[in-house]
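Asker: These two chains come separately, so use the hints to put the complex back together.
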Amino acid sequence: EAQVTQNPRYLITVTGKKLTVTCSQNMNHEYMSWYRQDPGLGLRQIYYSMNVEVTDKGDVPEGYKVSRKEKRNFPLILESPSPNQTSLYFCASSLAVWDTWNTGELFFGEGSRLTVL
Amino acid sequence: AQKVTQAQTEISVVEKEDVTLDCVYETRDTTYYLFWYKQPPSGELVFLIRRNSFDEQNEISGRYSWNFQKSTSSFNFTITASQVVDSAVYFCALSEAVGANSKLTFGKGITLSVRP
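Chains A and D are the protein sequences, given in the same order.
Take any residue in the first sequence, note its place counting from 1, add 16, and you have its number in this note's numbering.
Take any residue in the second sequence, note its place counting from 1, add 200, and you have its number in this note's numbering.
This is chain D alone, in the form it adopts within the complex (with noise of 0.2 Å):
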């Protein structure tokens, strides 16, 4: 059965502070889809990216990164330069269906607070 380990539960770091959240999935299937979704204190969720199994590449958005890498079934992503608009529950999700959200797994969520 897939799962979806986010070992961080809080963080919280000073504004302009780099900070890295971690996912950690299992999954027997070859193709899958990993996620991250953002869900600021106002509580609606938000979708960061997605991204494929058959592309390992890395992926940068302005002060967003992510690190995908099979080989340690990890997708980390970090905040580079953090702000306290980044103040949020991020989480990581699985979906093991080929180009489907039909079983979309996720985890138990990180809560990041970016202090002035």
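So that you can see chain A by itself, here it is in the shape it has in the complex (with noise of 0.2 Å):
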């Protein structure tokens, strides 16, 4: 089954310690992405990668790092986290280029509630 794999799906931590979302599609995509949605913000693309070891900042990159060493796996690393990052992350997939035969269509992980106290 075509899939986006987040893991936690729910994770309470505190300020400062360390974390890590792991992200991965089995899809073949070249094409990753992280959006967090908070309420009345929609949702807003932290990072995004075109392909292996190619990552560019989205709109709100600060206080993130992602890395992408093989094509299946994005993680998202939260070095010191704190509580402006508490909310909900998705991680999406897709094929880098359309042509006439695609949509172009994000396939979403079912998305990371993350709280940070």
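Worth flagging that the hints you see were computed from the coordinates, not collected in a lab.
Check the hints yourself; a few may be wrong.
Below are the DSS-like pairs computed for lysine-lysine, each with C-alpha atoms no more than 27 Å apart in a straight line [stated by the list, open to error]:
no. : chain 1 : residue 1 : chain 2 : residue 2
1   : D       : K203      : D       : K308
2   : A       : K73       : A       : K87
3   : D       : K203      : D       : K238
4   : D       : K238      : D       : K270
5   : A       : K87       : D       : K270
6   : D       : K216      : D       : K238
7   : D       : K203      : D       : K270
8   : A       : K34       : A       : K87
9   : D       : K238      : A       : K73
10  : A       : K85       : D       : K303
11  : A       : K73       : A       : K34
12  : D       : K303      : D       : K270
13  : D       : K303      : A       : K73
14  : A       : K33       : A       : K73
15  : A       : K81       : D       : K308
16  : D       : K308      : D       : K270
17  : D       : K238      : D       : K303
18  : D       : K203      : A       : K73
19  : A       : K81       : A       : K33
20  : A       : K81       : D       : K203
21  : D       : K303      : A       : K81
22  : A       : K73       : D       : K308
23  : D       : K238      : D       : K308
If you only want the chain D side, here are some residues facing chain A, beta carbon under 7 Å, derived [said to hold, decoys possible]:
no. : residue
24  : G243
25  : E244
26  : L245
27  : F247
28  : R250
29  : F306
30  : G307
31  : K308
32  : G309
Computed from a predicted model, the values in this text were never measured in an experiment.
Here a beta-carbon is modelled for each residue, glycine too, at the ideal position from N, C-alpha and C.
Answerer: And the structure:
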């Protein structure tokens, strides 16, 4: 089954304790991205990657790191989490370039709800 | 910079009513792509449609239809004869990258509640 898998789905942590949210896709997609969803703000892009070893900042990258060492994995790293990073996080993947035959659909993971105390 | 505005934050309708969700976008590019995604109460995000800037044809898919008007920079979504299962948050999104998702900007979403 084609899917994007995020772990953990739920996490409560404390300020300053490094954490990693993993993301893995099995569709051989080149493109992967992280979004955070906050009430009243919609989905905002944190980082994205067009392919292995190629990453770029989205709209809200501060306080986050990513890496893309393998095509299927795109972990999100919070080196020193703070309460303002409490949010619902989504990983997504898609083909990097579209043509007539694909929609450019983003496939999303189920989300990771992170609470930083 | 690209921007997507969904001015309606919450809409409540009674089942079988028609409802239109508005989306207005801003971009300097002549080639761009517009999307609608649905987020039901279960939380997952579901792709509904992509529309290319060079294709102004409206689209209908069952009870769903989309009205793309470049003259007003709008890409509105209409649900005909709404059902309780249509209750969700709906996001409009814009990509300026040619045929790629690299810079995809979402609107803030519209929460649609359909009452029986």
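Asker: With reference to the structure, classify each hint as holding or not holding.
Answerer: For each hint, the structure was consulted:
| no. | hint | verdict |
| --- | --- | --- |
| 1 | D/K203 with D/K308 | holds (11 Å) |
| 2 | A/K73 with A/K87 | holds (18 Å) |
| 3 | D/K203 with D/K238 | holds (19 Å) |
| 4 | D/K238 with D/K270 | holds (23 Å) |
| 5 | A/K87 with D/K270 | violated (37 Å) |
| 6 | D/K216 with D/K238 | holds (19 Å) |
| 7 | D/K203 with D/K270 | holds (15 Å) |
| 8 | A/K34 with A/K87 | holds (24 Å) |
| 9 | D/K238 with A/K73 | holds (25 Å) |
| 10 | A/K85 with D/K303 | holds (21 Å) |
| 11 | A/K73 with A/K34 | holds (20 Å) |
| 12 | D/K303 with D/K270 | holds (20 Å) |
| 13 | D/K303 with A/K73 | holds (10 Å) |
| 14 | A/K33 with A/K73 | holds (23 Å) |
| 15 | A/K81 with D/K308 | holds (24 Å) |
| 16 | D/K308 with D/K270 | holds (21 Å) |
| 17 | D/K238 with D/K303 | holds (19 Å) |
| 18 | D/K203 with A/K73 | holds (17 Å) |
| 19 | A/K81 with A/K33 | holds (14 Å) |
| 20 | A/K81 with D/K203 | holds (25 Å) |
| 21 | D/K303 with A/K81 | holds (18 Å) |
| 22 | A/K73 with D/K308 | holds (20 Å) |
| 23 | D/K238 with D/K308 | holds (12 Å) |
| 24 | G243 | holds (5 Å) |
| 25 | E244 | holds (6 Å) |
| 26 | L245 | holds (4 Å) |
| 27 | F247 | holds (4 Å) |
| 28 | R250 | holds (5 Å) |
| 29 | F306 | holds (4 Å) |
| 30 | G307 | holds (6 Å) |
| 31 | K308 | holds (4 Å) |
| 32 | G309 | holds (5 Å) |
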